[in-house]
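Trainee: From first to last, the protein sequence lines stand for chains U and F.
Position 40 (the first sequence) corresponds to 40 in this note's numbering; numbering is contiguous.
Position 353 (the second sequence) corresponds to 485 in this note's numbering; numbering is contiguous.
These aren't lab readings, by the way, just hints derived from the structure by calculation.
Being a predicted model, the structure only gives us computed values, none of them experimental.
Possibly wrong hints are sitting among the right ones.
Said to hold, decoys possible - One side only, chain F facing chain U, incomplete, derived with CB under 10 Å:
(1) T299
(2) V524
(3) R531
(4) K542
Unchecked claim - Derived lysine-lysine pairs resembling DSSO-like cross-links, with alpha carbons at most 27 Å apart:
(5) U:K97 to F:K344
(6) U:K97 to F:K600
(7) F:K322 to U:K20
Said to hold, decoys possible - If the Cβ cut is set under 10 Å, some of the chain U residues that face chain F in the computed set are:
(8) R22
(9) S90
(10) A108
Idealized CB from N, CA, C, for every residue including glycine.
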Amino acid sequence: MANSKILIVDDDPDLRQALKLRLRANHYDTVHAVDGYSAITQAHKETPDLIILDLGLPAGDGYVVLERLQTDDRLSDIPVIVLTARDPQSSEQRVLKSGAAAFFQKPADNAELLEVIRATLPKVLAPAPMPS
Amino acid sequence: MTASSTHVLLIEDNPGDADLVRLRLVESKSPIAVSCVDRLSDGLASLTSRPPSVVLLDLNLPDCQGAETFRRVLENSPDVPIVILSGHDDEALAVKALNLGVQDYLVKGSITSNALDRAMRYAIERQALLRSLEMSRKQQLEFKNQFLSHVSHELRTPLTCIYQFVTILLDGLAGQVTADQRDHLETILKSVNQLGAMVRDLLEASRAEAGKVRLEPHCVVIGDLVKLAVTMMKSVADEKQVGLEVGIDSRIPFVHGDPDRILEVLINLIDNGIKFTPSGGAVTVQACLAATDPDFVYISVADTGCGIDPKAKALIFERMYQDPNSIDNSRKGLGLGLYIAKELVTLHSGRMWVASELGNGSTFSFTLPLYSLAKQLFPVITYQNSLRDGLVLLKVELRPLSKPIRGNWKETCQHSLEILQRCVYLDKDLVLPPMTTHGPEQTFFVVASTDMDRVSVMMTRIREQIEKVVDVKANCELQLSAEPVTLPGTGSAEPLAQQVQDVADRVTEMARLAPKTEHNSGNGKMAPRRS
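Isolated chain F (complex conformation):
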């Protein structure tokens, strides 16, 4: 076969049809090499081992029929052009296939040599064009991201300079300033901070678009995170005399997500809410569960502001969208905040939407996945259709000794988690995702199918292994403790799934007390232990 010859893979199980197509191919003027297989599985193998120039595909094969046939070929080899050989009965399906990435179709029985030749040639050319388009799109995206990254880096240096000298003047390090001068300097400082936030958003948005945001999933107590966000925004709300209210359903289990990113979303929505709400109004943040959607938590940020024009509602999550009627028209920002927020929620496989009426405020809502502890626990804590005998909740805490922390604390924690995962039996113990704490402390939990006597062996092993890798003595305090998971009442009469759910609820209750007690551990005092 020469380089210029076309390699055709014919996937057709009817010997008569196959011969007919072969005959038409032989009549063709251009040099053609044909391989013919009669099953999809053989076709897929051939596609992988020796990629053809074009595939001629029958839709009714012994091992696959209908839409599934071209779907599997496309999935296997998205870059290979496909021409469907359809019968009269499945022509409609062939037309549909064109929308899904198939290049062309021919109806069997009316295939001429010329038509076949042309269909194949165009299919190959179109596919090549598509591929080069896709490649240049990717290159452009990459170029744009590099450009934005470069720009935001270069903008930071002069920005820093302005910030430094303005604060030097403001703090009186270059002599006394008058009240008027102070006012002006504070205006500059405010603008510098706005500019800094825009530079940050620019990079963040391009990163989100390129799918370069990495999530570090934790077990998040969403109520704590909401309260933290509200505390952080309190001064902004107070300054504008906008109330900030919180309503959180205390029964919400752990959310499975990246606490830093979720905080970013919350801050963004609260900040927006305050911005569009006049003095005397209020912004309310709520988190609750929905019976119809049990795997997600629903979080909403409602304001009593000016509301959103129905026409604007569809555009509000787009990049660079800015409300032309915004009351804060003088300072619009880049219009990236909601775009970033929505991207971050989508990355968590959640949804974000807005409900609003002009003049009657807006409510931004989003969902985040719950950590389905029961689902994770089920294969671990059950054995031969009943609950395992003993269950213990093991707690591993890492606390840095100095502040700020010397060395790479994040890596120390990550390392410890990996060690922990190696120290347990994966078939009967479960390591939970790390708990969110608001300090540098890190807490890990293991639900272990063992009893209190044997758990001490496990704890010794974990301590030994972590100390081998992490310079614990120089860096941090490593603390291990265990508590049996006791269920209220004998639940063995209940169905197994319910028993597992009971364990999950109990574990959640025991574990969620942990991050909260660490708020005041900064002064070195031990948090009170529960009896």
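This is chain U alone, in the form it adopts within the complex:
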């Protein structure tokens, strides 16, 4: 079975690299985007199973990306996990209202993030059980 593909959207190259290493070690394929504009074009091109999205981005911040994803029929089903340095008290509610599946403040605990990724990824249909 093919690995799930995750699109990492972050303008910090080191963080992108770290997430890539972490996710690949957990058997996910990764692609990346460095700003709001390329996030959308990459989402179209790569059709990822899940997007990890930073909020503070050049060329269209995270909220713009969330809105574009939500209003695009081909992309609106892709779950988004927001991973940001911003304060949850001012951002979390707005992020969730904008359609994200989860909110994490940086630095996010690896185990927790992986657990939520696992649970958020669209379920692959399991083969029907054999009749006994």
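Once you have looked at the hints, place chain F on chain U.
Mentor: Frame of chain U, contents of chain F only:
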């Protein structure tokens, strides 16, 4: 009236005194417009409709006398300068008024035109100065908060980077590490976590100071929260070989507070206790009621540590205070923990204090308000001096279907609560604050003055209304149930207040079983129902 003229509001009921002051004002060189009223109520109306440059205030008016007079003017218009016109008999009061925000006073009978002119001019100038000071203080505070918020945001990005790559190395994702290297990496990780906690505290403290912490009050079972905090701190205590003990009075009713914030306070105090207690010692968390203070629960965290110097005791809740003799001197932190804890307790209208003796440990105590169910129930469940006939406890549970939850769960719960409040009769039903649960499940209770037959109508209505707004089927399981509130024995001979108290106790007992049964509901099994 030109822009530069001074508008004087004279509040004086004695026509002779009023004329005299008016005369002195006319003699004044600067252009002055005077309005004169003889009652405080008219004065307050005039202050609101046409704010004057200065108020000349007599303290003995037909509708208000003494200190109350200037107190009400100050309350109505805190920014308007006041000069009191006192008699010889109330000069002492006028002096006192200066400490409470009044600018000046003049003793009637010895008022010269010059003195009046000068008093008014200085009063106006001082008041303007005070106002601009207050404004720049607010601006500075706002600037400081923005700065801290910005700094903590910017610090998080490099912090995340360090955390990510250290854990990548530690987890062997970049190749094998030796035992020594592992040790060093773990030291880095520990420091990163400390730094992360400091960044969090920095923002939290500035938010507390600016009054920007919002509480979301719930009905909290304090015993459960204490146990949760102790469970969370167990590994820290074990590592240092410090015992963690709990003593909770089981009769404590619901606490009215924000469970997340209370947990923060508890964790903070327990963490501190462990930090200052040597191996082999113990930290004990207790919650109890005090007969002398029936509206509050008393919670204490006692350690067997080094104790606090009496000189330090007064400073310990201050921001940035750090004990110079701390045994943990190498890692001091920012010294914001106790400050934040105290602010959070104060926000709950509780108190926090410490009792300690050098070498004999410390006990940090705080109070939290109890949810006074009986007080809330009284107007709802009584009618014409007796208890209403039927009382039913209605339970509404919302449980998310998927984990993690898709969409905005917090808002779903808030929405449901609002709907619930609209679905009941406010004069005979009471919606309790949401129950604290330790999972995403949310439980609401309604004490309804109705019988079991009619409650089903109510339940249908609530279900319909919630389903209209919340996409229940896609998101969550909505469960409604009802149970009659039966009292042990016939209590109708007792005084009404006692009967209401009995109902409150019974409701508390019935409701507090609910959050506890939800601990193990994660695997989809239904909690056993009480018969």
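Trainee: The structure should be examined with respect to each hint, and the outcome stated for every one.
Mentor: Hint by hint, here is what the structure shows:
| no. | hint | result |
| --- | --- | --- |
| 1 | T299 | holds (6 Å) |
| 2 | V524 | violated (34 Å) |
| 3 | R531 | violated (16 Å) |
| 4 | K542 | holds (7 Å) |
| 5 | U:K97 to F:K344 | holds (22 Å) |
| 6 | U:K97 to F:K600 | holds (18 Å) |
| 7 | F:K322 to U:K20 | holds (23 Å) |
| 8 | R22 | holds (6 Å) |
| 9 | S90 | holds (8 Å) |
| 10 | A108 | holds (8 Å) |
Consistency note: the structure conflicts with the earlier hints numbered 2, 3.
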